[in-house]
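The opening residue of the sequence shown carries number 1 in the UniProt record's numbering; numbering runs sequentially from there.
Worth flagging that the hints you see were computed from the coordinates, not collected in a lab.
None of the values given here were measured: they were computed from a predicted structure.
Among the hints, a few may not be true.
To be verified - Okay, derived cross-link-like pairs now, DSBU-like style, lysine-lysine, Cα gap no bigger than 30 Å in a straight line:
id: 1; residue 1: 876; residue 2: 68
id: 2; residue 1: 10; residue 2: 915
id: 3; residue 1: 645; residue 2: 774
id: 4; residue 1: 333; residue 2: 344
To be verified - Using C-beta positions, here's what the derived DEER-type ranges look like:
id: 5; residue 1: 664; residue 2: 351; range: 45 to 53 Å
id: 6; residue 1: 159; residue 2: 449; range: 15 to 23 Å
id: 7; residue 1: 144; residue 2: 260; range: 32 to 40 Å
id: 8; residue 1: 804; residue 2: 876; range: 16 to 24 Å
id: 9; residue 1: 697; residue 2: 872; range: 51 to 59 Å
id: 10; residue 1: 299; residue 2: 158; range: 44 to 52 Å
id: 11; residue 1: 732; residue 2: 108; range: 42 to 50 Å
id: 12; residue 1: 732; residue 2: 161; range: 42 to 50 Å
id: 13; residue 1: 299; residue 2: 144; range: 54 to 62 Å
Backbone N, C-alpha and C fix where the C-beta goes; we use that ideal spot for every residue, glycine too.
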Amino acid sequence: MEYNFKEVEKKWQSYWKENQTYKVDVDPSKPKFYVLDMFPYPSGAGLHVGHPLGYIASDIYSRYKRLKGFNVLHPMGFDAYGLPAEQYAIQTGQHPAITTEKNIARYREQLDKIGFSFDWDREVRTCDPKYYKWTQWAFIQMFNHWFNKDTQKAEPIAKLVETFEKEGNANINAANSDTPIFTAEAWKAMDIREQQRVLLNYRIAYLADTMVNWCPQLGTVLANDEVKEGLSVRGGFPVVQKNMRQWSLRVSAYAQRLLDGLNHLEWSDSLKDIQRNWIGRSQGADVIFDVKDSDIQLKIFTTRPDTIYGVSFMVLAPESDYVRQLTTPDQEKAVAEYLDYVAKRTERERQSEIKTVTGVFTGSYAMNPFTNEAIPVWISEYVLAGYGTGAIMAVPAHDSRDYAFARKFNLPVIPVIDNGQPIDLSKSSYDAKEGKMINSGLIDGMEVKEAIAFIAEEVEKRGIGKSKINYRLRDAIFSRQRYWGEPFPVYYKDSMPYMIDEAELPLELPEIDKYLPTENGEPPLGRAKNWTTKEGYPIELNTMPGFAGSSAYYLRYMDPHNDKALVSHEADAYWRNVDLYLGGAEHATGHLIYSRFWNMFLYDLGVVCEPEPFKKLINQGMIQGRSNFVYRIVGTNTYVSAGLKSQYETTEIHVDVNIVKNDILDTEAFRKWMPDYADAEFILEDGKYICGWAVEKMSKSMFNVVNPDDIIEQFGADTLRLYEMFLGPLEAHKPWDTQGIDGVYKFLRKFWRLFLNGEEFSVSDEVPTKEELKVLHKTLKKIEFDIENFSFNTSIPAFMICTNELAALKCNKRAILEPLVVAIAPYAPHIAEELWHLLGHAESVTGATFPQWEEKYLVEDSFEYPVSFNGKVRFKLNMPLTATQAEIEAAVKASPEAGKWLEGKEIRKMIIVPKKIVNVVIA
């Protein structure tokens, strides 16, 4: 009765589906636990073995918590909108919905083969109108709310309008600062169009001109992570910076709350630090510099107002409105050329390439308000428009980038200015040892923090600025010039945006003839016929970005079939938020920032009851590919084995790992692999072709992608699950090496044989021995600790050791084996279900209770002494822990094993170290 994994896995996967084993509902009688995976984008390539790593880990934990008595929500869905499907549609003319559906079916088939405990009744797809109806609804709410900095929350625009009508906006402390002050009378005097324009400055979802990554060939805006070295990741097309009117979300309004919320999350310190740095809180002051011979005033933000004495030049972001105002006629050509250069650079490149120093002089000068010195105003890409005012005062003595810029363009480096006069450069402006500013006029001798506060206060006294807290976090650009995305529920009247009535949601994508921009450069939706409201108003032609659908999907899982609300109060009050979230570290900023913002906004509205969406988050590592190489002798079609390649001049070529086993190439399969290799000849070693190897990223171009379907076909899903966990710590990167999988496969067969007597299934109801109970409870303690601490890789050896020990004891007792079946069920659910059934249980093992280990079975009552004769261990003797030295000595002498070592010899001395060793010294 060998273990037939193919029959068993097919049987139980069908059972789970037919019986809806993993379907879950709100159940107040049980504690809840919500486990979530970052849902996948379904590509045509399907899954490789690296993709399921996090899913297997979350599945183990989900199954474990269910066995611990929790009501576990463990859903799955698909992030189904995106550029790849649209690009494929452009190339083939096939509607992206068709390819997306096909890809989802492929993913679903693969996921089911691995045996996950997903509640598929809760599946969501971001391209489903029933789903994106609620993304559109959330956007409408954001349009209809503003962020009140006094209350630190979103409030209705309708209430804001009431305030405008009563007293104007003088007392409004909103998350924007560019709206001029107006009275109630002025507000009432505005026409509707002007009022709507003013309200756009307050709305959380707003329309504004902004710099974007524009890809002309793709005809769309791209996110920073979709651009690399000035080219689109998809297609490799040039990307330029372009000022466009775009929808944005006022994520920056929530910057402080996003920072504060991190203190209450069970996330790694490194992940929290990434988010803190991304949000980038800094305290300083806005300072106004008059422009020489002009009425223009240049406002800058600085975190070190105390260094204002050392300012030797100013720098503008290339996108700043000041550029146009301050560029003099004789500098126009040079500035235009520089702006053209910067337009081809992404924000990420501008910030990461620290050694690249570029810039151009505007021709204008600003006046230092403390020294009255004229300071040249430059433009450089290292200053970004989104931070502060897009203009900085440069203090090269105190900033590495300013210093590099000053050296490149031969600008002064002034450590300190004392009462308007430069200090001798041989003197230091800052005593690093003492941490004090010295020789610096008004702030001479002050501590740095004291000096910062003093100058910030002085700036306010002189009426040339004010203290301010600034954040690096920018508002999220929310428009994409694509077809395959959520339509905006927006129409235009007199060129101003209005929201479609909620009763008319979802607004579904229209059919179009091509998925390309129109001949006039409009987004693809410009091709739609009658893309208007019933009243004839034009509907927005842009679609939402990918993160629109992924920012609140975790909430929809709680209540996926509700057509009245995103999530009911009952479902939200029960599930509350995600207890465990697993996903890739690449989402540390974008997705996690946007999801947290989205949740906080809905919390302000009372839609959700928790301010944070993800209580605990773990980033699983990457499974890397193990590549193989063949070595072609240059100028021939002959391939030399790895151990002989040093004798020839060769070229290294990646080879498909699926035709290599244990680094030995299947030469006939290689000849059939590609036409170029049909006539290949081989120089072998010991009759075999040995390939070279390396650990690299799993990629089709390196032919090192391993399909999980192939592993499951050969070894089974349980083996795949165990092996992926066995490879190493969950959060570490580790190489895939199929050579090691056979050991896990053999372990499962050995575990199966514990339940057999010959070829028959047979377990005994005998009372277990102390040794058997000790093995069981030691294992249970280890497995529970490992699962609770996500150390799944160390559980597999524990199961292996346990199986070996029980096999050595010839244990087949139900009292020992039945708890083991439950313990291994989270890891290997198929074999566990079959054994549970054979043990006589009618219901699924998922309904069992995780066995509780007991300390009493782990307490040692004896010790096995290594017995040495003249320092060499000859045998072992088990003695009670209570045995006296005299009793141990007597037992050693009486032991039959000691007879042959003592025969004819005299014991000169016996050294006994309690619970350590016995050494018999003989003459």
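Now the hints, each set against the structure:
1. The hinted pair formed by residue 876 and residue 68 fails the criterion: a straight-line CA distance of about 41 Å is larger than 30 Å.
2. The suggested pairing of residue 10 with residue 915 is violated, with an alpha-carbon distance near 51 Å, which exceeds 30 Å.
3. A threshold of 30 Å between alpha carbons decides the hint, and for residue 645 with residue 774 the separation of about 54 Å lies outside it, so the pair is violated.
4. Of the supplied pair hints, the one linking residue 333 and residue 344 holds, its CA atoms being roughly 18 Å apart against a limit of 30 Å.
5. Taken as a hint, the range 45 to 53 Å holds for the pair residue 664 and residue 351, whose Cβ atoms sit roughly 48 Å apart.
6. Range check, residue 159 to residue 449: about 40 Å between beta-carbon atoms, so the 15 to 23 Å window is missed.
7. Roughly 26 Å separates the CB atoms of residue 144 and residue 260, a value that falls outside the hinted 32 to 40 Å.
8. At roughly 18 Å, the beta-carbon separation of residue 804 and residue 876 lies within the given 16 to 24 Å, and the hint holds.
9. In this structure the supplied range 51 to 59 Å holds for residue 697 paired with residue 872, their Cβ-Cβ distance being about 52 Å.
10. Separation of residue 299 from residue 158 is about 33 Å and departs from the stated range, judged on CB atoms against 44 to 52 Å.
11. The beta-carbon spacing between residue 732 and residue 108, approximately 29 Å, falls outside the hinted interval of 42 to 50 Å.
12. At about 55 Å, the beta-carbon gap between residue 732 and residue 161 misses the expected band of 42 to 50 Å.
13. For the hinted restraint 54 to 62 Å between residue 299 and residue 144, the CB-CB distance of approximately 31 Å leaves it violated.
Going through the hint list in order, the structure does not satisfy hints 1, 2, 3, 6, 7, 10, 11, 12 and 13.
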